[in-house]
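A.B. asks: What follows is each chain in one-letter form.
There are 2 protein chains.
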Amino acid sequence: MKIYRINMSNLSSTIEEVPDEWRLMGGRALTSAIVAKEVDPACNPLGSKNKLVFAPGLLTGTMAANSGRLSVGSKSPLTGGIKESNAGGTAAQRFAKLGVKALIIEGIPPGDKYYCVHVHKDGVNIKEETELLDKGNYEVIKTLTDRYGENTGVMTIGQAGEYKMSAANISVKDPKGHIRSAGRGGLGAVMGSKKIKFITLDDNDGAGIEIADKEAFKNAAKIFNKGLLSHPVSGDALPKYGTDVLVNILNEAGGLPTKNFRRGNFAGAEKISGETMYDTIMERKGDPTHGCHVGCVIRCSQTYNDKNNKYLTSGFEYETIWGFGAGCEVDDLDIIATADHECDDIGLDSIEMAVTMQTAMEAGVISFGDGPGILKLLGEVKEGTPLGRILGNGASFTGKAYGLTRVATVKNQAIPAYDPRSVKGVGVTYATTPMGADHTAGYAVTANILKVGGFVDPLQKEGQIELSRNLQVATTFIDSCGLCIFVAFAVLDSGDVAQAMVDMVNAQYGTKSSIGDWFELGRTTLQTEKEFNRAAGLTSKDDRLPEFFSEEVPPHNAIWDFTNQELDSVLPF
Amino acid sequence: MKIYRINMSNLSSTIEEVPDEWRLMGGRALTSAIVAKEVDPACNPLGSKNKLVFAPGLLTGTMAANSGRLSVGSKSPLTGGIKESNAGGTAAQRFAKLGVKALIIEGIPPGDKYYCVHVHKDGVNIKEETELLDKGNYEVIKTLTDRYGENTGVMTIGQAGEYKMSAANISVKDPKGHIRSAGRGGLGAVMGSKKIKFITLDDNDGAGIEIADKEAFKNAAKIFNKGLLSHPVSGDALPKYGTDVLVNILNEAGGLPTKNFRRGNFAGAEKISGETMYDTIMERKGDPTHGCHVGCVIRCSQTYNDKNNKYLTSGFEYETIWGFGAGCEVDDLDIIATADHECDDIGLDSIEMAVTMQTAMEAGVISFGDGPGILKLLGEVKEGTPLGRILGNGASFTGKAYGLTRVATVKNQAIPAYDPRSVKGVGVTYATTPMGADHTAGYAVTANILKVGGFVDPLQKEGQIELSRNLQVATTFIDSCGLCIFVAFAVLDSGDVAQAMVDMVNAQYGTKSSIGDWFELGRTTLQTEKEFNRAAGLTSKDDRLPEFFSEEVPPHNAIWDFTNQELDSVLPF
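Sequence order for the protein chains is A and B.
Converting from the first sequence to the working numbering requires adding 549 to each position, the first position being numbered 1.
Converting from the second sequence to the working numbering requires adding 549 to each position, the first position being numbered 1.
The shape of chain A in the complex, shown without the other chains:
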């Protein structure tokens, strides 16, 4: 495989050999290694010294189930630290088929022109782009599909990325031509700062990837596949109800943050639950289950139609529904779906924007429960009005604009859909992951709520530090393979499935590594990320939850009670 490198300061590109040190890295391990090696940690994230790195996972492009995830790495304009943001869609597998181990974009072009980048088997073309400027992602993808055909991959930024907003994401075309997102950390702003509106991927005649031991790979892949399908979460709940199955579960557990984290349960939960969503989708002739990338066997995505049975959104996730729903006291699934569509179109992280709306409600910009108000505010972001500039820069920024202290963020990144006081394991992850508040970085909801990989009482401190630490390490490896995080349910509950994951990597790369070896890669990656953050000026003081989490949250009247020493022991390097 090769490294493709683009220098936007002079619109040049090169194809480079993969250095030995990066050969057994992919996805997050690779993007973080490249960013740590090549980006000055003290640089301005929107300045010419920052870089934007795309990498498929170690297993991407193979027949391994759920291995088509893309990692995008950079210094984050939201957190000020290193960022790996992860997306489904078709891009990762096209990179893999093209033999592109990573695409590194550096520099900023002089002048005001915008550009588009086309990646193909012989390299890269960079052209000026004018037609699609200031257009939303749906129109960009539709136009590019018309321009280049169905089989072209697209990674694009919406208006938010062009405005260089810290909530701007990078959207990736999925197999149905809809939108998946590298959502978190404002990497769309970095792409915007480099004046790239979109990147197209043509994998025709790509060399594809090599597998050292095809037979061994096939055998392991079978066990892995079967493991995912036979687990009750990834084989049953997620395919049927999508991630939104969690609304009722978290509401029951008292961990569904309601009205900007004032309560842990929501009177309107049933109306926005996965069960209600499923019935609505069926009634409106939507699609209740499909994958975000080819080869996904969990298929937790869906197509949600509006009242006229017309497409409204897809990849409609629990966290988005929680955030615009319970978090804002909105119980209208159609409004939430419209907000999700708008976020995808404008190119905004829907978690960040949902917590931003909660914050705007806290400030009195609109009232709690005002669903139409949310859509109006998203319109302001799309237009880039002053109010839109505030909101589009995220929850911390909005809180600061209005002088608030009740703002649910860590490292300026919005806290997602699980109250850290009553699902304490994920709270430890929010505080300590180098990524800023991110449930996917160490999804302790597994053992806390779903009783996957054992059980750790969500309301007690005991065991949470170890749980979060182990999950953070394991997740970093999963992210490095290009695997969907939802393989973790089966991996955590079955040693055979975990071994099969490692066997696939060994079979592909001709290595003889143990699970422990690969977890060591996870640990090393976390260390690299923490060192980058430290050199960027972040300290242990950034590994803390906001002060207001010392308040009790009903119904369990739980509080956030970890000491600084305990938090500093999670990733002690």
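Simulated from the structure, these hints should not be mistaken for laboratory data.
Don't take every hint at face value.
The list makes no distinction among identical chains, and a pair is therefore deemed to hold if it is satisfied within one copy or across any two copies.
Stated by the list, open to error - Here are the simulated SDA-like cross-link-like pairs (lysine to any residue), alpha carbons at most 20 Å apart as the crow flies:
id, residue 1, residue 2
1, K1090, P590
2, K676, S916
3, K662, R955
4, K725, K789
5, K1061, I760
6, K670, I758
7, K662, A912
8, K1079, S1089
9, K662, G918
10, K1090, A591
11, K1090, T1077
12, K808, I915
13, K551, H839
14, K1090, E587
15, K662, G913
16, K684, S561
17, K1000, L778
18, K1079, E587
Assemble chain B onto chain A, guided by the hints.
C.D. replies: For chain B alone, kept in the frame of chain A given last:
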């Protein structure tokens, strides 16, 4: 003397003895010591754990010339670090006459009510305030003068402080009933967060301060007074032209930052110079020279009238005139004076707002040169519109809202009126003072430009580190005495004047300290401040100038060329 303490969470107050460790501290040394001892460095600056501390200087209330300055300390919502913000006016001397060593305000009241605080010889009264909410500072001071008489001191916040904006200052009534400001670092937002609209000071029947050796004090004060009056800067240039005398001087030196730091000289300099201002004031029957506090012998303040000879502003400083003038390419002194008046009235740091306007021009919100546009934008801040919320939170915040990298701040605080590339000594101060970019923290313009205290070539690196370090230490002592920074010209040029300053302190407190002992207090205070900042999460990465200062600035084509190691050696503790 006593410590007055107010707890806003239950509207209570106490009068406490001064602990021994604070007896020989005043002004900045004392506010920083109290903040460092009592405020959790990691706290939210707008939350209940932050405190707001007012302290007169060691010499305040005596006959020492220029000793009536007030220090205000807190954790800054702008920089995230410790802050001492310094103001003239009548408050410091009233505190001293009341025997108040420091006023400490802690807690936040529950509910939405606003309060006012009345300080008098028997303690403190706290009452609800409704009439003056949402009113500008000029109206507040006028109303309170009507309510309580001429002889009542006032410290107040305008709309900006009520909005808890990071550029909000605390305004102090001066001897003419006009406004002086504890401008920098957003301490008006801290006062707003504590729901205090204003503090009145009645020093009737105050015990006054004691002097251990009156004769010795009188002798030293005479030498000090004479020293100030006989120095060409404090005895001649400042009384006649005010601080605005610096426009022509910096313009000649190529260090007058023009068009958001793109050049070091401004075609319209003459029109906004101190000489032009003097002629205009005389023509319009203004007052060319008076002091910001009783006992000032330098008298660099003035009353600037409008075209109809009516009061427009006073305390019309070089930095303000530079910022809205050369920085914004505006050469209309009346517009700049109106902007100054509006900043005073809304309660905004005029340096922060001037650089914010440069940043808004950089973003294209208005054009460079658009003076009326500046006034319109200040109106937005006053109204608290979304655009006003952006601007009122300062230059860094505005730059972030618009995705800019050319933003002249250090630790989020705006860089003032001397280009750090062509006046390198003050650049070292901007980078390294614990206060965020602040020329007054180590005013190397002395040796770099004015040839006071020797000469260090402003365009060369040699000697700047030592210059800035020595000035930072000396200034911290001057700030602790409650002395105006402009005493430094005479102190730097005359050993006798420096000795007289120390003799006054010794005479007052019955101590036998040397100059070196008091400079040690300065060093200790700086160390306390740096330790607080480190515990707040700031690191050496915050002691850097923005990347764009690596660009050459005409006319000297100077660049910012200090290494990180050099900067880290300035205050090596």
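A.B. asks: Now tell me if each hint is right for this structure.
C.D. replies: Going down the list of hints, with the structure as the test:
1. In the homo-oligomer, the alpha carbons of K1090 and P590 lie at most 20 Å apart both inside one protomer (18 Å) and across protomers (10 Å), since each shortest distance falls under that limit.
2. When the C-alpha separation of K676 and S916 is checked against a cutoff of 20 Å, the pair qualifies neither within a copy, at 45 Å, nor between copies, at 31 Å.
3. For a Cα distance limit of 20 Å, the shortest separation of K662 from R955 across copies, 18 Å, qualifies, whereas the shortest one inside one copy, 40 Å, does not.
4. For a Cα distance limit of 20 Å, the shortest separation of K725 from K789 inside one copy, 19 Å, qualifies, whereas the shortest one across copies, 75 Å, does not.
5. Within a single copy, K1061 and I760 get their C-alpha atoms as close as 14 Å, which meets the 20 Å cut-off; across copies the closest is 83 Å, which misses it.
6. Taking CA atoms no more than 20 Å apart as the test, K670 paired with I758 passes inside one copy only; the shortest distance there is 13 Å, against 83 Å between copies.
7. Within a single copy, K662 and A912 get their C-alpha atoms only as close as 37 Å, which misses the 20 Å cut-off; across copies the closest is 16 Å, which meets it.
8. Taking the shortest Cα distances, K1079 and S1089 sit within 20 Å of each other both inside one copy (10 Å) and across copies (17 Å).
9. Proximity of K662 and G918 under a CA criterion of 20 Å is satisfied in neither setting, with 42 Å inside one chain copy and 25 Å between copies.
10. When the C-alpha separation of K1090 and A591 is checked against a cutoff of 20 Å, the pair qualifies both within a copy, at 18 Å, and between copies, at 7 Å.
11. When the C-alpha separation of K1090 and T1077 is checked against a cutoff of 20 Å, the pair qualifies both within a copy, at 19 Å, and between copies, at 18 Å.
12. In this homomeric assembly, K808 and I915 come within 20 Å of each other (Cα to Cα) only inside a single copy, at 13 Å, whereas the closest approach across copies is 38 Å.
13. For the identical chains of this complex, K551 and H839 are neighbours neither inside a copy (32 Å) nor across copies (72 Å), given an alpha-carbon limit of 20 Å.
14. Taking the closest pair of Cα atoms, K1090 and E587 come within 20 Å of each other only across two copies (18 Å); inside a single copy the shortest separation is 26 Å, beyond that limit.
15. Taking identical chains as interchangeable, the C-alpha atoms of K662 and G913 lie at most 20 Å apart only when they sit on different chains, with a minimum of 17 Å there against 39 Å within one chain.
16. Proximity of K684 and S561 under a CA criterion of 20 Å is satisfied in neither setting, with 26 Å inside one chain copy and 57 Å between copies.
17. Taking the shortest Cα distances, K1000 and L778 sit within 20 Å of each other inside one copy (18 Å), while across copies they are farther apart (80 Å).
18. With identical chains, the CA atoms of K1079 and E587 are at most 20 Å apart within one copy only, with a shortest distance of 16 Å there and 31 Å across copies.
Of the numbered hints listed earlier, those contradicted by the structure are 2, 9, 13, 16.
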